[in-house]
Amino acid sequence: MSGGLGRQRTLEGLLGRAGDTDGYAVYAAVAKQRAGRLHVAHCWAHVRRKFLECGGPEADVAVRLIGERYQVEREYQTGPHDVGRLHALRQEKSRPVVSRLHAWALAVRALPESALGKALGYLGSLWPGLTRFLDDAHVPLDNNATEKALRGPVVGRKNHYGSRSRRGTEVAAILYNLLESAKRCGVEPKAYLRAAVLAALHGEPPLLPHLHAAT
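Count along the sequence shown from 1, then add 60; that gives the number in the numbering used here.
Take the hints with a grain of salt, since some may be wrong.
[Unchecked claim] Keeping only pairs whose Cα atoms sit at most 16 Å apart, straight-line, the calculated EDC-like set for lysine to aspartate or glutamate is:
id: 1; residue 1: K178; residue 2: D120
id: 2; residue 1: K208; residue 2: E230
id: 3; residue 1: K153; residue 2: E118
id: 4; residue 1: K243; residue 2: E207
id: 5; residue 1: K153; residue 2: E128
id: 6; residue 1: K153; residue 2: E173
id: 7; residue 1: K153; residue 2: D196
id: 8; residue 1: K178; residue 2: E118
id: 9; residue 1: K92; residue 2: D120
id: 10; residue 1: K208; residue 2: D195
[Said to hold, decoys possible] Restraint-style ranges between C-beta atoms, simulated for each label pair:
id: 11; residue 1: S223; residue 2: R134; range: 39 to 45 Å
id: 12; residue 1: S223; residue 2: V123; range: 22 to 28 Å
id: 13; residue 1: R94; residue 2: E173; range: 30 to 36 Å
id: 14; residue 1: L194; residue 2: S223; range: 54 to 60 Å
id: 15; residue 1: P265; residue 2: K243; range: 17 to 23 Å
id: 16; residue 1: E128; residue 2: A205; range: 31 to 37 Å
No wet-lab data here; the hints were simulated from the structure. Using N, Cα and C, we set each Cβ at its ideal position, and we do this for glycine too.
Produce the complete structure using the sequences and hints provided.
Structural data, given as structure tokens:
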């Protein structure tokens with residue numbers, strides 16, 4: 061959008077500011093309490109959605125650049141799974157794309173309350189967490205897999221009313237966490253539950269899913 065239309069928002073004025081848009085502030089608060097031990101990584105899928113909702117040629121630039129980043133991840137999926145290879149690929153191909161997006165966002169002008177202004181605000185307020193994937197290859201571009209894993213409990217929410225007590229709800233929450241963690245670790249859920257129950261019957265502490273997967 062052209063300048064000279066009153067107050068304008070740019071990414072430059074938003075970098076390092078938290079809570080400016082609808083990023084869940086609790087995550088930043090927890091990370092602050094655990095300074096140095098916990099770092100927040102933010103989701104590129106949510107950022108892409110903000111720009112898709114804007115429409116228009118300027119927002120399309122951001123969508124295209126974010127898409128290039130996902131193309132790099134797809135390229136990684138075609139070869140052997142190796143964290144070192146992914147890190148090198150991100151340095152070679154993703155980092156330049158991130159720099160281009162950063163430069164574009166600094167140059168764009170938009171009214172603060174416009175759709176594009178809000179999308180830029182969202183991008184800027186979460187920038188440190190959005191770029192964390194460049195330095196840590198274990199960090200995915202988005203949290204789509206986590207959200208997908210949560211759909212089961214959400215769809216079955218009415219069934220959980222049968223817990224009838226706080227203790228019942230806590231047990232259900234523990235089981236959901238263990239089962240979904242087992243899936244994420246590549247462990248068959250029924251096999252994991254069977255191993256955990258047998259360990260408990262023998263007076264042994266059950267292994268958590270990621271430890272069970274390593275055995």
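Comparing the hints with the structure gives:
A hinted pair counts as satisfied when its Cα atoms are at most 16 Å apart, and K178 with D120 qualifies at roughly 15 Å. Restraint check: the Cα-Cα separation between K208 and E230 comes to about 21 Å, which exceeds 16 Å; the hinted pair is violated. For the given pair, K153 sits about 23 Å from E118 by alpha-carbon distance, which is inconsistent with the 16 Å threshold. For the hint linking K243 to E207, the alpha-carbon distance of about 14 Å falls within 16 Å, and the restraint holds.
Proximity of K153 to E128 is assessed by CA-CA distance (about 9 Å); at most 16 Å being required, the pair is judged to hold. Our distance criterion of 16 Å between C-alpha atoms is broken by K153 and E173, whose separation comes to about 33 Å. For the given pair, K153 sits about 15 Å from D196 by alpha-carbon distance, which is consistent with the 16 Å threshold. Of the pairs offered as hints, the one joining K178 and E118 holds, with about 13 Å between alpha carbons and a cut-off of 16 Å not exceeded.
As the CA atoms of K92 and D120 are separated by approximately 34 Å, the hinted pair breaks the 16 Å bound. This hinted pair does not check out: K208 and D195 have alpha carbons roughly 25 Å apart, beyond 16 Å. For the pair S223 and R134, the supplied restraint of 39 to 45 Å holds, since their beta-carbon distance comes to about 41 Å. Checking the proposed 22 to 28 Å range against S223 and V123 shows it is violated: the Cβ atoms sit about 42 Å from each other.
Hint check: R94 to E173, Cβ distance near 34 Å, so the stated range 30 to 36 Å holds. Between L194 and S223, the C-beta spacing of about 42 Å breaks the proposed range 54 to 60 Å. One distance hint, 17 to 23 Å for the beta-carbon pair P265 and K243, holds here, with the actual separation near 22 Å. For the hinted restraint 31 to 37 Å between E128 and A205, the CB-CB distance of approximately 21 Å leaves it violated.
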